[in-house]
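Asker: One-letter residues, chain by chain:
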Amino acid sequence: MARTPIGLVGAQPDPPFEITFDGRPVPALPGQTLAAALWGAGILAWRTTRDGGRPRGAFCGIGQCYDCLATVNGEPNRRACLVPAHPGDTITTQEGHGHDRLGV
Amino acid sequence: MPTRETSDVIVIGAGVVGAACAHYAALAGLSVTVVDRGYVAGGTTGAGEGNLLVSDKEPGPELQLALLSTALWTELADRLPPTVEYEAKGGLVVASGETGLHALREFGARQEKAGVIAHEVPGDRLHDLEPHLAPGLTGGFHYPQDAQVMPAQAAAQLLRAAGDRVRLALGEEVTGLLTGAGGAVRGVRTATRELHAPYVVNAAGTWGGALAELAGVHLPVLPRRGFVLVTEPLPRIVRHKVYAADYVADVASGSAALQTSAVVEGTPAGPVLIGASRERVGFDRTLSTEVLHRLAAGATALFPVLGTVRAIRTYLGFRPYLPDHLPAIGPDPRAPGLLHACGHEGAGIGLAPVTGQIVAACITGAEPPLDLHPFRPERFDATAP
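Taken in sequence, the protein lines are chains S and X. Under our numbering, the first residue of the first sequence is numbered 203, with each subsequent residue one higher. Under our numbering, the first residue of the second sequence is numbered 60, with each subsequent residue one higher.
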């Protein structure tokens, strides 16, 4: 079991639900951000850079650095550290700007 | 801090025009000191889109300058490093009705007589050039000579490529001009020192009028504000510089009131740049949501796909506007030793190389590449010929 602050703060969250990351089920708690849920499942990278395809995930964790961008329910460039998880959310690894299909 | 305080030429302004003046003067064998109160490309150069356009220019002296400069840019693109992002992408002007297309046809025919290449594109072929363009446009004109650079890099690389004949004095504001016998200009004074040169070039852009005042001469450069809206990085979805036919009329207008027309272009870095607005509001840097709203509406009308992506930031700049829309280029007979190279309005990136070449020719006594009479800096004096 991953270490979490739940015990430390005596939290009693509502029951967990499921989201998916690249098709794989990931548990999330109500109020958790997508980044927190992914981290809780040991997933650290969910985007690749435009130049060089290097892996990226949460860095600042407070919405400032834009490193944690992910494609959420088909919409690219969502800041995973700010977007709350909802049951059934699908997160997919975002390649670069996430808009390849628009290219001509 | 440079130790030598004397050079052949002092250029005031480290924007793209000042950089080009320094570049061509250095190529001609002159030593140059470039003084700027800020940094390289810190004024209007850094606030532009980097357009090198012939398509928006009426036949006349400015178009002559643009055609000469377009050829120089082609040559510079081979000499400067790829970071200047020179792209010979071409321009596409589109009309949404028969009246607009007729006006474009007439405009293009006159431009072709002046040496511009312009091809009419029927409405049903526009999507071959720009697949994301809105349906239902009447037609347009393709201008293969239009190109683009990254303007801040262009200024910086023009300076760097000039080698060690060019020295930079950045963060130093010119507070006065030094004059000698007979009122001849022989240098500049900054807050901390005096710099000496027999020639001083006013490449201060939108602030060129204030600089002229230091020399005791009149040059009515006015700021014409423009905003650019920047999207998130995207794949290439816009291939050309694409703009609506009414842009040409807006560029040529002298109105102080807000004018906007849709101008859309991609960049090698990914973001799409959306312009263009024009208004005369002094040096007011207040964000105008009305302008941004109109820019976004115009761009999404041309390219509906832009309605599905995010605008992530905006920037603004002040075009250096002279009342007859022509720059001031060449020696000032009212202040011997002073030359002007400013007032290029929204065309400074495109016109910089030819301006630099003219300034270098004037200083070395070479023949300038065209008649300078339309650009003479004293033309706004009441007694001017």
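Hints should not be assumed to be uniformly reliable.
[Unchecked claim] Label pairs and their calculated CB-CB ranges:
1) X:Arg138 / S:Ala247: 39 to 45 Å
2) S:Leu246 / X:Pro327: 43 to 49 Å
3) S:Leu246 / X:Ile371: 56 to 62 Å
4) X:Lys172 / S:Asp253: 18 to 24 Å
5) S:Ala247 / X:Val289: 54 to 60 Å
6) X:Ile371 / S:Asp302: 48 to 54 Å
7) X:His352 / S:Arg256: 35 to 41 Å
8) X:Asp440 / S:Gln266: 23 to 29 Å
9) S:Thr250 / X:Glu426: 40 to 46 Å
10) X:Arg344 / S:Thr251: 30 to 36 Å
[What the hints assert, rightly or not] Below, a sample of chain S positions facing chain X; criterion: calculated Cβ distance under 10 Å:
11) Thr206
12) Leu210
13) Arg252
14) Gly255
15) Arg256
16) Asn279
17) Thr295
18) Gly298
19) Gly300
20) Gly305
21) Val306
In short, the hints are calculated from the structure, not lab data. Bear in mind the structure is a predicted one, so any value in this text is a computation, not a measurement. Backbone N, C-alpha and C define an ideal beta-carbon position, used for all residues, glycine too.
Asker: Do the Cβ positions of isoleucine 371 of chain X and aspartate 302 of chain S conform to the proposed distance bound of 48 to 54 Å?
Answerer: violated, 18 Å
Asker: Is the distance from the Cβ of aspartate 440 of chain X to the Cβ of glutamine 266 of chain S consistent with 23 to 29 Å?
Answerer: Roughly 54 Å apart at Cβ, these two residues miss the hinted range, so it is violated.
Asker: Confirm or reject the claim that lysine 172 of chain X and aspartate 253 of chain S have a C-beta distance inside 18 to 24 Å.
Answerer: For lysine 172 of chain X and aspartate 253 of chain S the Cβ distance comes to about 45 Å; the hint is violated.
Asker: Taking the beta carbons of leucine 246 of chain S and isoleucine 371 of chain X, is their distance inside 56 to 62 Å?
Answerer: Between leucine 246 of chain S and isoleucine 371 of chain X, where Cβ atoms are some 25 Å apart, the hint is violated.
Asker: Does the closest beta carbon of chain X sit nearer than 10 Å to the beta carbon of leucine 210 of chain S?
Answerer: The hint is violated - leucine 210 of chain S has no Cβ within 10 Å of chain X, the shortest such distance being about 38 Å.
Asker: So, as I understand it, the hint says threonine 206 of chain S touches chain X; can you test that by seeing if any CB pair is closer than 10 Å?
Answerer: Interface hint status for threonine 206 of chain S: violated (33 Å vs cutoff 10 Å).
Asker: For the hint on asparagine 279 of chain S, just tell me whether its beta-carbon gets within less than 10 Å of chain X.
Answerer: Because about 6 Å separates asparagine 279 of chain S from the closest Cβ in chain X, which is inside the 10 Å limit, the hint holds.
Asker: Is 43 to 49 Å respected by the C-beta to C-beta distance linking leucine 246 of chain S and proline 327 of chain X?
Answerer: violated, 31 Å
Asker: Do the Cβ positions of alanine 247 of chain S and valine 289 of chain X conform to the proposed distance bound of 54 to 60 Å?
Answerer: violated, 27 Å
Asker: Holds or violated: is the Cβ of arginine 256 of chain S closer than 10 Å to a Cβ in chain X?
Answerer: Violated, because the Cβ-Cβ distance from arginine 256 of chain S to chain X comes to roughly 15 Å (cut-off 10 Å).
Asker: Can glycine 298 of chain S be said to touch chain X, with a Cβ gap under 10 Å?
Answerer: holds, 8 Å
Asker: Can the hint on valine 306 of chain S be confirmed by a CB-to-CB distance to chain X that is less than 10 Å?
Answerer: Result: holds, 4 Å to nearest chain X Cβ.
The structure fails to meet hints 2, 3, 4, 5, 6, 8, 9, 11, 12, 14, 15, 17 from the earlier list, while all remaining hints are met.
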